[in-house]
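Undergrad: All chains, full assembly: derive it from the sequences and hints.
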Amino acid sequence: MDRVASLLNRPRVYYNIDGVGELGMGFMLLGYALLGLLQAHTSKDAIWHTTYGFLVYLGVMCLVIHYGSKAIKQHITYPRTGFVAYRKRDTLWIPMSAGFGISVVMSAGLVLAARSKWNMTSLVALIGLAMAAMYAYRIATAVQWKWFVVLAMVAGSVLIAFSPAALLAAVGDGGREATATFASFAAALRLWEVLFGAMFMISGGISFWLYLRHTSAPARDIK
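If you're matching positions, the sequence shown starts at 16 in our numbering and goes up one per residue.
Keep in mind the hints are simulated off the structure, nothing from the lab. This one's a predicted model, so the numbers in the text were calculated from it and none came from an experiment. Be aware that a few hints might be false.
What the hints assert, rightly or not - Derived Cβ-Cβ restraints for the label pairs, each shown as a range:
# : residue 1 : residue 2 : range
1 : S137      : F163      : 21 to 29 Å
2 : W224      : L144      : 25 to 33 Å
3 : A181      : R95       : 21 to 29 Å
4 : C77       : L144      : 24 to 32 Å
5 : L144      : I62       : 16 to 24 Å
Backbone N, C-alpha and C define an ideal beta-carbon position, used for all residues, glycine too.
TA: Here it is in structure tokens:
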């Protein structure tokens, strides 16, 4: 049974064997956090508030993640441990479904919160717990030490739920949001992006270091 479980977990182990997936996710979250901070602390006529500026920023961030990850895979990972082609279900439909689910939860929560005047930090904390659950299923079940990352995500989500007003004000927009509800949501979301982005970067960085330590570059042919 252990042998069967090992074979079933192998695709998930290999998918993030070098930590590049986590590094890409961490880079994306920190990139969104930086954009949110720029929008919060710059004047309304700054480029960060324009559709053009947002699209350029988003495009550059996606290109860095795509080509950076591809370069690491091609020049470091594949020469050491080979190439694996994944089914479209694993590389497209599952991430799209997860993203759609989070979007639905966020949209519904925003509508309900606007009507009921909820504390929006609780909704962001729920998003963090959902992310922790997906991380546990996709990564931690295949790599045991990643359960410490899951615990850190859960702890981070709880901390966000009880974030002090002074901290939210520091990462907020200075009261420029239309309502206090959306102001607290935006501030808590930026805080979540920073915390989880940092966790993904640290976990991915450790995985990348361990990968380099336990794998060797292919020997070059001497002519």
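Undergrad: It remains to establish, for every hint, whether it holds in the given structure.
TA: Okay, the hints, checked on the actual structure:
Distance hint for S137 and F163: a CB-CB separation of about 25 Å, consistent with the stated range 21 to 29 Å. Take W224 and L144: their Cβ atoms lie about 28 Å apart, and the range 25 to 33 Å holds. Hint check: A181 to R95, Cβ distance near 48 Å, so the stated range 21 to 29 Å is violated. For C77 paired with L144, a C-beta distance near 27 Å keeps the hint of 24 to 32 Å intact.
In this structure the supplied range 16 to 24 Å is violated for L144 paired with I62, their Cβ-Cβ distance being about 35 Å.
Going through the hint list in order, the structure does not satisfy hints 3, 5.
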